[in-house]
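For chain A, the structure is supplied; the task is to place chain B on it using the hints.
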Amino acid sequence: MSNAVIIKDAVKRYGDFTALCGVSLDIREGEFFTLLGPSGCGKTTLLRMIAGFNSIEGGDFYFGEKRINDVPAHKRDIGMVFQNYAIFPHLTVRENVAYGLKARKVPKAQIGPKVDEALELVQISHLADRKPNELSGGQQQRVALARAFVIEPSVLLMDEPLSNLDAKLRVQMRSVIKKLQRRLGITTIYVTHDQEEALAISDRIAVMKDGHIMQIGTPNEIYAKPQNPFVAGFIGVSNFLDCDVKAAGGKAKVTIQNELSIEVPACRDYEGKGSLSARPEQLFFAEEGMPGTVLFSTFLGDFIEYEVQLDNGQSLIVNEYTKDTSDVHPDGEKVHLRFDPLRVSLYEAGSGEVLSL
Amino acid sequence: MKTKLGSRWRPDFWFFAKIIVIVAMCLFIVYPFYTILTKSVFSNKVEGLTLYNFIRFFTKPYYYQTLIRSMVVCFATVFTTTLIGVPIAYLMTRYNIPGKKILHIFIIMSLMSPPFIGAYSWIILLGRNGLLAKLFATFDATAPTIYGRGGIIFVFTLHLFPYIYLYTSGAMNSIDSSLEEAAENLGMSKLRRIWTITLPVILPSILAGCIMVFMTCLADFGTPMLLGEGYTVLPVLVYNEYMSESAVNPYMASTLSVIIVSCSLLMLTFQKLVVDKRNYTMSSMRPPQETQLHGWRRFAVSAPIFLVVFVAFLPQIVVVCQSFVERSFSGMVKGINLNNYRAILSRLGTNIRNTYVFSLIAIVFIIILGIIVSYILVRKKGKVANIIDTLVMFPFVIPGSVLGIGLIVAFNRKPLILVGTAAIMIISYVIRKLPYTVRSGSAFLYQMDPSIEEASINLGVSPMKTFFTVTARMMLPGIMSGAVLSWITCINELSSSIMLYSGKTSTIAVAIYQEVVRMSDGTAAALATILTVTTIISLLIVFRATKGKVKIV
Chain A
1 MSNAVIIKDA VKRYGDFTAL CGVSLDIREG EFFTLLGPSG CGKTTLLRMI
51 AGFNSIEGGD FYFGEKRIND VPAHKRDIGM VFQNYAIFPH LTVRENVAYG
101 LKARKVPKAQ IGPKVDEALE LVQISHLADR KPNELSGGQQ QRVALARAFV
151 IEPSVLLMDE PLSNLDAKLR VQMRSVIKKL QRRLGITTIY VTHDQEEALA
201 ISDRIAVMKD GHIMQIGTPN EIYAKPQNPF VAGFIGVSNF LDCDVKAAGG
251 KAKVTIQNEL SIEVPACRDY EGKGSLSARP EQLFFAEEGM PGTVLFSTFL
301 GDFIEYEVQL DNGQSLIVNE YTKDTSDVHP DGEKVHLRFD PLRVSLYEAG
351 SGEVLSL
Chain B
1 MKTKLGSRWR PDFWFFAKII VIVAMCLFIV YPFYTILTKS VFSNKVEGLT
51 LYNFIRFFTK PYYYQTLIRS MVVCFATVFT TTLIGVPIAY LMTRYNIPGK
101 KILHIFIIMS LMSPPFIGAY SWIILLGRNG LLAKLFATFD ATAPTIYGRG
151 GIIFVFTLHL FPYIYLYTSG AMNSIDSSLE EAAENLGMSK LRRIWTITLP
201 VILPSILAGC IMVFMTCLAD FGTPMLLGEG YTVLPVLVYN EYMSESAVNP
251 YMASTLSVII VSCSLLMLTF QKLVVDKRNY TMSSMRPPQE TQLHGWRRFA
301 VSAPIFLVVF VAFLPQIVVV CQSFVERSFS GMVKGINLNN YRAILSRLGT
351 NIRNTYVFSL IAIVFIIILG IIVSYILVRK KGKVANIIDT LVMFPFVIPG
401 SVLGIGLIVA FNRKPLILVG TAAIMIISYV IRKLPYTVRS GSAFLYQMDP
451 SIEEASINLG VSPMKTFFTV TARMMLPGIM SGAVLSWITC INELSSSIML
501 YSGKTSTIAV AIYQEVVRMS DGTAAALATI LTVTTIISLL IVFRATKGKV
551 KIV
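Heads up: the sequence lines are chains A and B, in that order.
Quick note: the first sequence uses the numbering used here, first residue 1, plus one each step.
Quick note: the second sequence uses the numbering used here, first residue 1, plus one each step.
These are calculated hints, taken from the structure and not from any lab test.
Be a bit skeptical, because a hint or two may be false.
[As the list claims (entries may be wrong)] Pairwise CB distance ranges (calculated):
#	chain 1	residue 1	chain 2	residue 2	range
1	B	Phe16	A	Glu134	38 to 46 Å
2	B	Lys547	A	Gln123	32 to 40 Å
3	B	Ile387	A	Asn84	25 to 33 Å
Positions of the beta carbon are idealized from the N, C-alpha and C atoms, including for glycine.
Extracted from the complex, chain A is given alone in its bound form (with noise of 0.2 Å):
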C-alpha cells in the first residue's frame, strides 16, 4: 500500500549550526516528488530523517495517518535507493533482491517469483547469479532500484541515484526509473542537484536553500513562474534586469533604464524599485527595445546562444530558434532587444517577493 507522507515543521539541528528551519510538506499517496536544491541546502538530510538514519530535532512526520518519528528505521517499510547504490558487496544479485523479503520473513515459496519478477522489471534477469563487482555501475543502479521496490515499501526514497552514472545512462535510467513509478505508484521522494533531471523526472518539486523551502510547484510551475529570484536563478537560466515599479491595479508599469517600458500583469500594489527576470528564450531581438551590442554567439544546433551587453553596460543572454530565422548575428552588431511581458517574472528588489502574476 502506498502512503502519502506528510512532514510538518521539520528541524535538524547540528550543534550550533540548524540544517533544516521548519519546513512543512504534504506529498500526495503515488507522487513523484523531488526536493531540489544546491548542496547543503538539506535536501539530503530531510530525506535522511524520513528513512530514519537521521535524529528528528523537531516536528512531526506522517505516513499516511501514522506517525513515524518514534518508528525505528528497519520498521519505517521503506524503499531506499542510496546514491553509491549500497548493494551488499558479499551476496549475490539474487541474493540482494531477496534480502529485504526475507527479513520480512516472506515464506520462500514466494521470494522466488517476486525477485525474479523485479529483476525482470530492470532487465537483468540474466544478471541473477552474478556477485556486484562483476556489474557495471548501471547494472549495480539497476539492483538497487529492484531491492528497493520489491518489498512494496509504502514509501520508495532515492538520494541523488543516478549521480554516479555518466550522462548517457543518466537519461537512460531516468526514464527506466520514471516508467516504473508509474506502473508501481508507490510515493515517491528523489532529492538531487540536477535541475534538468528535476524537471524531467517529477510530479511537483519543492526547491529548497538553507534549510528553507523556496517554492513548491509543477515542473511547469516552477520553471513559468519562478515564486522568487533564487528559483528563477537556479532552474534553467534567467536575465536579471533592474528597473522602476509602478504598480496599481493589477498592473505594473515597468521602466528599465529610461529605454524601454511595458506593461505587466501584478498581483498587488508596489512602487519602487524592481527586479525583472526573463528566460534567454523570451527574449528576441527587435526593430527597437533595449539596445545593445552582440558581444559573443555560440551555435548550439537547435538554437544559437547570444551574450548581447545593453548599453548600460548588463549582459544577457539571449536564445533564437535556428527554426525561427536562418541567419546568425555577427558579433560587434547593434542590436535592440524585447520581451513577451506576459512571461516574464517581476521582483521586489530588496526583499524579492514576487509581484507578477
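Below, chain B alone, put in the same frame as chain A:
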C-alpha cells in the same frame, strides 16, 4: 548535547559493549600501569613518597648508562634501517626486480620471525664456537664479534628494516605518477625529482616506519639479553632489577618502567607533531609505472636487494638446519637426526602445548574484541570511542616486560590473584596483540560505505542483526588478516611471558631463551624451528587468503 524530542533513550548493545570494553581495559591496562606508577615513587630505603629511585637512576652511571645505551641502539638502528629500507622500497616499486613478489614475502617473513631468533642464530654463526667464527679462524682471521653494541644494532637492523621498507613502499605506490611527471615536465632532473618531490611526499610514511623501529628496539628484551654481554640496555635492566627485587614491591623495576614508557610517549608525541603538519592525502589515479631495466643494469639494481634479503632471512635457515644437528655436550657434531625434536617432545611438551593453547584462546578474544572495538572506533565516534581508542593503543608504548611487571604487581593479591595462572598469560597476549587486529579491522571498516548497513536496516533488518549478518561478515577479511598478525606475535611472545610464566605455564619462547642461556643449542633450534615454521605457514595462509594484499603496517 543533542536533545531528541519524543524519543526515549534506551541502552542498546553498543552501550553495554562500550562499558565492558572500558572496564576490561581499565582493569588490565590502566590499573596495572597505575600500580607501577605508584610503586615507582616508593622505595625500601626511604619512608613514604619519594623520588629516591628516580634520583638514583639519573645519578648512578650503572643506571643512567642503560638509558644512554638504549638511545644509542635505538637511534643507530633507526638510521641503519632507513638507510637500507628506503632505497630497497624505491627500487622494488620502481624497477623490474626479478622475483619481486617472493622478495616482498621474504622481507615480511623476516619481520614476523620470532624477534630473538635473529640474535640466537647469529650467535650460532658468529658467537664463540660460531660456524663462521671457526671458518675465519682457519684462515687466521678474527671474525667480527656479534656481542655488544655493534651486534645488537646489526641484528635489530636486519630484523626491523622491513618496517621502513613496508611503510615507504606503501607510500611510494600511492603517489600519483602525474606528480613526478609534472616535476619532470617543469625541467627537474631525476635525482632532484626524488629529492624535491618524492621524498618530501613520502616523508610522513618513512617517519611512521622509523617510530615503529624505535619503539620495537626500545622495548625488545630478547636480542640485547642474548647479545648484550655487559652492554645492558633498559629492558634488560628492568628484568635484572625485577629478578633481584621482591615480586610484591619491585620499586626500582617500576621506576625503570616509567622511564621507558616516558621515552616511548615522548617519541610518539614528537612524531605526531612532525607528521600532523605534513600529512598529504592523495588519491592515486595512476600509480607509478615500473621502469624496465635489462642486462647488467638490472643485475646491479637487484643484487644488493637479494643480498640484504638473504642475510635477513639467513637466521631462519640456520635455525632450521641446526635443529637437525645432534651435538655432544662439548659441542661436537654427533649426527644429523631428529634427536633434538625427540628431546623437546619428551621434556618440553607442556611448553609447546601451552604456546598453542594460550595463543588460540587469546586469538578468539582478540577477534571478538577486534570486531567490536573496530566498529565502535569507526561508527560510534565520540568521546567514549576516543577513550577506547587511546586505551586500546596504549599497550603499543608499553614494553612487554613492563606490562608483565604491571600485571604481576596488580594481580598478586586479593581479590583477584592471577599470578602464575594461564589466565594472566592470555590476558597479557590479548592486551598486547589486540592493536594489530583493531588497526587492520578499523582500516577496513573505514573503506566500507556506511550506506551498506543503512540499506540493510532500511530493508527491515534490525541494526543489531545487520551488524552480525552484514557488517561483521564484511569486516572479516580485515579482522582476519589482523588476527593472523596477532596470532604470529602471540606464539613468538617473549618479553612479557618471561615475567609472567610459572613452571606450568611456560611457553616455547621462554624455553628457547632458557635453552640458549643453558648453551643447549640443539633443543633451542628445534623449538625455534617449530615457531618459525608455524609463523611461515600462518603468513602463507594470509597471503593466499588476501591474494598478497595483507597489510602488515
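Ile387 of chain B paired with Asn84 of chain A, Cβ distance criterion 25 to 33 Å | holds (32 Å)
Just tell me: holds or violated, for the beta carbon distance of Lys547 of chain B and Gln123 of chain A against 32 to 40 Å?
-> Because 33 Å falls inside the window, the suggested range holds.
Range agreement (Cβ of Glu134 of chain A with Cβ of Phe16 of chain B, hint 38 to 46 Å) | The hint (38 to 46 Å, Cβ to Cβ) holds, given that Phe16 of chain B and Glu134 of chain A are roughly 40 Å apart.
Every hint, counting from the list given before, is met by this structure.
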